[in-house]
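Going line by line, the protein sequences match chains A and B. Just so you know, we're using our numbering here: the first sequence kicks off at 37 and counts up by one. Just so you know, we're using our numbering here: the second sequence kicks off at 392 and counts up by one.
Simulated from the structure, these hints should not be mistaken for laboratory data. Heads up, a few of these hints could be off.
As the list claims (entries may be wrong) - Using 30 Å as the maximum straight-line C-alpha spacing, the simulated DSS-like pairs for lysine-lysine come out as follows:
#: 1; chain 1: B; residue 1: Lys491; chain 2: B; residue 2: Lys462
#: 2; chain 1: A; residue 1: Lys60; chain 2: B; residue 2: Lys462
#: 3; chain 1: A; residue 1: Lys104; chain 2: B; residue 2: Lys491
#: 4; chain 1: B; residue 1: Lys491; chain 2: A; residue 2: Lys60
#: 5; chain 1: B; residue 1: Lys501; chain 2: B; residue 2: Lys462
#: 6; chain 1: B; residue 1: Lys491; chain 2: A; residue 2: Lys114
Please read these numbers as outputs of a predicted model, since none were measured by experiment.
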Amino acid sequence: DAGVIQSPRHEVTEMGQEVTLRCKPISGHDYLFWYRQTMMRGLELLIYFNNNVPIDDSGMPEDRFSAKMPNASFSTLKIQPSEPRDSAVYFCASSLTSGTGTGELFFGEGSRLTVL
Amino acid sequence: AQSVSQHNHHVILSEAASLELGCNYSYGGTVNLFWYVQYPGQHLQLLLKYFSGDPLVKGIKGFEAEFIKSKFSFNLRKPSVQWSDTAEYFCAALTGGGNKLTFGTGTQLKVEL
């Protein structure tokens, strides 16, 4: 299996621009998570989906952030407009539940975003 | 709300030294616990996990962790670290049968030759 695939790996953009991060989860996994990692705040859960449906978006910092999962093999995290404080590494992760739920997350390589 | 605490933010050790990284969680019910590792420039990978049974869990690369329910702790240990263990280590907890992992703030380990 190719694992969780994220793109782009690196993005440098200017304040005010729209940023779209993409994620392809592991085939067959029914949960998808978006995390943000910064030096100051560590790993923060932004939002997660179950069977393409958003379950908990309480970690999304503000209305500038939005996430979609149009199908089981694709999700996007969009920031519009972007700000310098959004600079971070954004990780996508997926997992497979089997009744009780294993909780093991498989992470992508991350998308490093720099907003100038 | 549940939380996970890692009190050691930065640890520096010499090769062959023993390692213990602290992790405490705040949740009184059923909890599943994990340690993830992030090597420089890489994504997070699972080191080990505890669901039930033997509270001493063995993971990859010689790591182990002990679940002590009375102390709400799940400390990570390795008897003899190697330079290649230099990485950031994250403790995480999954509670109440849910699917939302809560991570600690991470511990940056540097192993010197």
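Enumerated hints in conflict with the structure, sorted upward: Going through the list in order, the structure violates hint 2 alone and respects the others.
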